[in-house]
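Trainee: Each chain, letter by letter, is given below.
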Amino acid sequence: MSDTPDNAPSGGCPDAVTLAAYLDGMLTGPELARFDAHIAQCPQCASDVAELREILAASAQAPGNDDLVGQAVAAARGLVRK
Amino acid sequence: MSSERDHTEGVDIAAVTSGRKAAWDGFVEKFAGRIFSVCLRVMRMRDPSAEPEDARDATQDVFLKLVRDDFRLLKSYDPERASLATWLTVVARSTTLDALRRPDNRRVSVPLEEDLGLEAPPHAHADAPELPLELLSPRQRQILHMLFDQDMDVEEVAVALNVHRQTVRSLKHQALERLRRHLRACGA
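From first to last, the protein sequence lines are chains A and B.
The opening position of the first sequence corresponds to residue 1 in the numbering used here, with each subsequent residue numbered one higher.
The opening position of the second sequence corresponds to residue 1001 in the numbering used here, with each subsequent residue numbered one higher.
Derived by calculation from the structure, the hints in this document are not laboratory data.
Heads up, simulated DMTMM-like pairs for lysine to aspartate or glutamate below, C-alpha to C-alpha not over 20 Å straight-line:
hint	chain 1	residue 1	chain 2	residue 2
1	B	K1075	A	D15
2	B	K1172	B	D1151
3	B	K1065	A	D15
As the structure is a prediction and not an experimental result, all values here were calculated from the model.
If we strip away everything but chain A, and leave its shape as in the complex, we get (with noise of 0.2 Å):
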């Protein structure tokens, strides 16, 4: 999963949407056994789920850094223009 790009699924593992659907409980029926069953043979992704649940649980921290944080916004908000 880690190498899948974030938008298009490759070789079963499943992609950015789906990955996210699947870690705020939103997959439901067959699409949720095909999920399951794909981690269960798929250690890379299954390591992925892991350590993504891992990050969503401490994601309600404070930033900290906020002058790096505003060096980042400053530079993302020149993105765009019009």
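Use these hints to put chain B onto chain A, whose structure you have.
Mentor: This is chain B only, laid out in the frame that chain A set:
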């Protein structure tokens, strides 16, 4: 099931991907801190001594990736399927891993348009066509100034600015492309 609005925390994705500046700026303001935290956490899971400056660069990479090719990646997000925060976490993680896999992962991203405090733009030659100031970013002007006016090589510029050599080459290429297009349009 949560509504689409809940999933995007009030962000109008259609407005963002249509290129409306106010919508984009709001999106950036809302999620930059969270993306930065994800990038830093992913880095420190692999290298506890990872510097916050590298997470800033990775955050910039994430936004660049989202906006590239007319918002191709951001348009692939489906608010009916997952929350924007979770999807951005997935994207930020994979972007950070991509950055870490590059041969030299220190200062690997192409820095964006920040002002580096350049004291003056490169001087124009007397017989050179006049160039609009906004044609090049401050960083592009600085790179050209160092390469051509100060005769520095790519390695020297990279060391002086604390960026990767490839960054210098990319900015030089982008700047020269802009100059070529401008001069062609002027019939020069």
